[in-house]
Amino acid sequence: MTSSNSQSKQAEVNQKHRVVFQMNSNDPESQKTLINNILNVKKAWGSHVAIEVVALGPGIELVMTEKSAAAQDVAKMIKSGVIFVACENTMAKKNITKVDLIENVGTVPSGIEEIIIKQEQGWSYIKG
Amino acid sequence: MTSSNSQSKQAEVNQKHRVVFQMNSNDPESQKTLINNILNVKKAWGSHVAIEVVALGPGIELVMTEKSAAAQDVAKMIKSGVIFVACENTMAKKNITKVDLIENVGTVPSGIEEIIIKQEQGWSYIKG
Amino acid sequence: MTSSNSQSKQAEVNQKHRVVFQMNSNDPESQKTLINNILNVKKAWGSHVAIEVVALGPGIELVMTEKSAAAQDVAKMIKSGVIFVACENTMAKKNITKVDLIENVGTVPSGIEEIIIKQEQGWSYIKG
Chain A
1 MTSSNSQSKQ
11 AEVNQKHRVV
21 FQMNSNDPES
31 QKTLINNILN
41 VKKAWGSHVA
51 IEVVALGPGI
61 ELVMTEKSAA
71 AQDVAKMIKS
81 GVIFVACENT
91 MAKKNITKVD
101 LIENVGTVPS
111 GIEEIIIKQE
121 QGWSYIKG
Chain B
1 MTSSNSQSKQ
11 AEVNQKHRVV
21 FQMNSNDPES
31 QKTLINNILN
41 VKKAWGSHVA
51 IEVVALGPGI
61 ELVMTEKSAA
71 AQDVAKMIKS
81 GVIFVACENT
91 MAKKNITKVD
101 LIENVGTVPS
111 GIEEIIIKQE
121 QGWSYIKG
Chain C
1 MTSSNSQSKQ
11 AEVNQKHRVV
21 FQMNSNDPES
31 QKTLINNILN
41 VKKAWGSHVA
51 IEVVALGPGI
61 ELVMTEKSAA
71 AQDVAKMIKS
81 GVIFVACENT
91 MAKKNITKVD
101 LIENVGTVPS
111 GIEEIIIKQE
121 QGWSYIKG
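Residue numbers (UniProt numbering), protein chains in the order written: chain A, 1 to 128; chain B, 1 to 128; chain C, 1 to 128.
What the hints contain is simulated information worked out from the structure, not anything from laboratory work. Hints are supplied without guarantee of correctness; some may be wrong.
[To be verified] Estimated spans, in silico, between C-beta atoms of each pair:
hint, chain 1, residue 1, chain 2, residue 2, range
1, C, Thr65, B, Glu66, 19 to 25 Å
2, C, Thr97, B, Leu39, 21 to 27 Å
3, A, Ser47, B, Gln121, 37 to 43 Å
4, A, Glu29, C, Lys32, 22 to 28 Å
5, B, Pro109, C, Ile83, 36 to 42 Å
6, A, Pro28, B, Gln72, 51 to 57 Å
7, A, Glu103, C, Ser47, 35 to 41 Å
8, B, Lys79, A, Pro109, 47 to 53 Å
9, A, Asp27, B, Gly106, 26 to 32 Å
[As the list claims (entries may be wrong)] Simulated coverage check for chain A against chain B, where a stretch passes if three residues somewhere in it have a Cβ under 8 Å from a Cβ of chain B:
hint, stretch
10, 64–75
11, 80–90
Don't be surprised by glycine CBs; every beta carbon is placed ideally from N, CA and C.
Let's have the full structure, built from the sequences with the hints guiding it.
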């Protein structure tokens, strides 16, 4: 977790802000709030922020073509560089396949592990 | 987030605990829980902890004079050094102005960005 | 939070993943989700992950023999090395004593402080 001074300076030069959002809820209101939060972050930091949204549990509906209340927003954001990933554990449990997901949504073996790993790598974490 | 070994040691000598609370909810029960959590933290760590509460979305009501279920507690805590800030994005959306906020509540351009930045600076994060 | 490549490799050899879960809810569905998340993490990382669950507020029911919807799972997980701790502030408030807790559940003076300290020590944080 710690590193030398020179590395820190290097990091400050090269590095963007990095944030991972945890999306657990299929509540349309929560989905809209998340979209809004991302828009605000992009507006302020532009290309200087890396954003990943991890959809898991009921929250997986955010990235499902037929179920998302924000499907168009998600598609547009993916084009602008925001990463959306679905939890494969959740997919297996709910019989969801890649075909059910919005185009260019990625998958990760486990949503929880993904969030843990991102924090290990220094990403900030927001529970949506 | 990062530092050299000597900086770390320095930090351990000088530095207090630092925690940023995210307040998204306008549920009075959640507001009371947050107040309680802060009281407990202050009781244990006294002046050795820096506490900031970021009120955003529906949670902005926590810091609004007319709407907060904990207005007196918030005012008292501000006097004791706890920082409360409101999200300007939320304020703009809900037509809330500084006048509507409890005295000495600060504002930040974006509540989400504030929480991201605080984590980058090594603050612990609690989703209220 | 950042480190050189060689440090990263070193970390992968020596260090386990470490994650602290915050359990605030007494909703049986949330309890099951938490148990599931832990099972998935254990399945993937086995002994290479340290897991601590902090039960506080209404979430303390997770670790109470008579109230938990997942008492058997909790007992089994403790045997497999997962740490469960109850918040003593919550216990005092609700007149809960050690006798009411599932065997080998620990206690901490304050659940919130425990989560803050764990993050200071580099643990990842998941709001359950």
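Hints, one by one, checked against the model:
no.	hint	result
1	C:Thr65 / B:Glu66: 19 to 25 Å	violated, 45 Å
2	C:Thr97 / B:Leu39: 21 to 27 Å	holds, 22 Å
3	A:Ser47 / B:Gln121: 37 to 43 Å	violated, 22 Å
4	A:Glu29 / C:Lys32: 22 to 28 Å	holds, 24 Å
5	B:Pro109 / C:Ile83: 36 to 42 Å	holds, 39 Å
6	A:Pro28 / B:Gln72: 51 to 57 Å	violated, 35 Å
7	A:Glu103 / C:Ser47: 35 to 41 Å	holds, 39 Å
8	B:Lys79 / A:Pro109: 47 to 53 Å	holds, 49 Å
9	A:Asp27 / B:Gly106: 26 to 32 Å	holds, 30 Å
10	64–75	violated (count 0)
11	80–90	violated (count 0)
The structure fails hints 1, 3, 6, 10 and 11 (numbered hints given earlier, in ascending order).
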